[in-house]
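Student: The lines below spell out each chain.
2 protein chains.
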Amino acid sequence: MTFELRAIGHVESVLRAGEDVPKQADEGAPDAWLALDPALAAACADLAAGDELVVVTWLHEADRSTQVVHPRSDPTRPPTGVFSTRSPARPNPLGLHTVRVLAVHGTRVHVDALEAFDGTPVVDLKPVLTARR
Amino acid sequence: MTFELRAIGHVESVLRAGEDVPKQADEGAPDAWLALDPALAAACADLAAGDELVVVTWLHEADRSTQVVHPRSDPTRPPTGVFSTRSPARPNPLGLHTVRVLAVHGTRVHVDALEAFDGTPVVDLKPVLTARR
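Those protein sequence lines, which keep their order, are chains A and B.
Residue numbers for the first sequence follow our numbering, so the first one is 137 and each next one is one higher.
Residue numbers for the second sequence follow our numbering, so the first one is 137 and each next one is one higher.
These are computed hints drawn from the structure, not numbers from a lab.
Remember, it's a predicted structure, so these values are computed and weren't measured experimentally.
Treat each hint with caution, since some may be false.
What the hints assert, rightly or not - Chain A residues, not near chain B, derived (Cβ > 12 Å throughout):
| id | residue |
| --- | --- |
| 1 | Glu-148 |
| 2 | Val-150 |
| 3 | Leu-151 |
| 4 | Leu-176 |
| 5 | Ala-179 |
| 6 | Thr-212 |
| 7 | His-241 |
| 8 | Asp-254 |
Unchecked claim - Quick list of simulated restraints, FRET-style, between CB atoms:
| id | chain 1 | residue 1 | chain 2 | residue 2 | range |
| --- | --- | --- | --- | --- | --- |
| 9 | A | Glu-148 | B | Ala-184 | 20 to 28 Å |
| 10 | B | Pro-214 | A | Gly-242 | 16 to 24 Å |
| 11 | B | Gly-164 | A | Ala-177 | 13 to 21 Å |
| 12 | A | Leu-238 | B | Gly-242 | 38 to 46 Å |
As the list claims (entries may be wrong) - A short, non-exhaustive set of chain A residues, derived as facing chain B with CB atoms under 10 Å:
| id | residue |
| --- | --- |
| 13 | Leu-141 |
| 14 | Leu-189 |
| 15 | Pro-227 |
| 16 | His-246 |
Even glycine gets a Cβ: it sits at the ideal position worked out from N, Cα and C.
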C-alpha cells in the first residue's frame, strides 16, 4: 500500500550537505527557514514566534533499503534495526525535528536549531503537545 | 514535489471508526498491535518491551484539502490553521503517536494507548529521544 506525500515547502539552511548535519539539534544545528508553499497560507496563519513545533521532513537522500545500521555515535555498538534508531536510512525516510519558531513572515517560518540541510523537503508541521501522556 | 510513502504495516485495534478515536492518547485510547511487514523483520529486531516509540501513521481517511479547522476540544475557539493543530485534516495526514511497547512477537508489536483505529497504515517507528532539547 503506497501513498502520495507532497512537499509543503523546503528547508533553507547554511547546512549544505548530509555530512554536515548534526545528528540531533542539541549538537550544534543552526537556525533555519522553512519556505512553505504560499498556497498553504491559511494552514500557516496561526503559526507564531514562540511556538514549539515538530517539523516533519522527507530525507530524500536516504537509502530506503537499509534495515540495519551501525550507530554513528558509538561505532562499538552492534548493528541496530533502524526502527530502534533515528537514522535517516529507513523504509520511509521521515525526519522529526522539534524546533522553536523565532519569526513568521507569511509562509516563511524562521526556526531555531534544525538538523536538516538546505533543500530538504518539509511535509508537515505540528504543535508540540504540552501534556503528552 | 511528491514522494512515495509505503505502508510498513497497520494498526490492529478495537477502535473501529474515526469517530471512536480519542483525540489524544491520554483521553482513554486502548492498547493496540502494530502488525508490521514480515519482510522488515531486521528493521524491527531491536524493538523490545519497555521501549518508548513514536509511531508514525498515515491517516488515510483524512481530508487533505482542509487548511483551517474548528478545534473539537473547544468549539468556541476560532478556526485555526491546521499546522497549529493536531487535526488529521492536513495536506499530508501523518499521525504521530507516542506509545510504550508492551511486547514484541517478531514483527507484531503490542503497544499501550494508541489513538488510531483498526486498519490505519503505519509508515515509521522511531525511538523517543531521551534528551530532547
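Student: For A:Asp-254, is the shortest beta carbon distance to chain B beyond 12 Å?
Tutor: A:Asp-254 is indeed farther than 12 Å from all Cβ atoms of chain B, at 15 Å.
Student: Is the interface hint satisfied for A:His-246? The criterion is a beta-carbon contact with chain B at less than 10 Å.
Tutor: violated, 15 Å
Student: In terms of Cβ atoms, is chain B entirely out of 12 Å range of A:Leu-176?
Tutor: Answer for A:Leu-176: violated, closest chain B Cβ roughly 7 Å.
Student: Is A:Val-150 truly not at the interface, in the sense that its beta carbon sits beyond 12 Å from all beta carbons of chain B?
Tutor: Holds, since 20 Å exceeds 12 Å.
Student: Checking the smallest CB distance to chain B, is A:Thr-212 really beyond 12 Å?
Tutor: With a cut-off of 12 Å, A:Thr-212 remains clear of chain B, as the shortest Cβ separation is near 16 Å.
Student: Have a go at the A:Leu-189 hint: is there a Cβ in chain B nearer than 10 Å to its own Cβ?
Tutor: holds, 8 Å
Student: I want to verify a distance hint. Is the separation of the beta carbons of A:Leu-238 and B:Gly-242 within 38 to 46 Å?
Tutor: holds, 45 Å
Student: Within 20 to 28 Å or not, the Cβ separation of A:Glu-148 and B:Ala-184?
Tutor: With Cβ atoms ~39 Å apart, the hint is violated.
Student: Would the hint on A:Leu-141 be counted as holding, given a Cβ-Cβ threshold of 10 Å to chain B?
Tutor: holds, 4 Å
Student: Please check whether A:Pro-227 passes as an interface residue: C-beta within 10 Å of a C-beta belonging to chain B.
Tutor: holds, 5 Å
Student: Could you check the hint for me, namely that B:Gly-164 and A:Ala-177 are 13 to 21 Å apart, CB to CB?
Tutor: violated, 36 Å
Student: A:His-241 clear of chain B by more than 12 Å, beta carbon to beta carbon?
Tutor: holds, 15 Å
Hints 4, 5, 9, 11, 16 from the earlier list are contradicted by this structure; the remaining hints agree with it.
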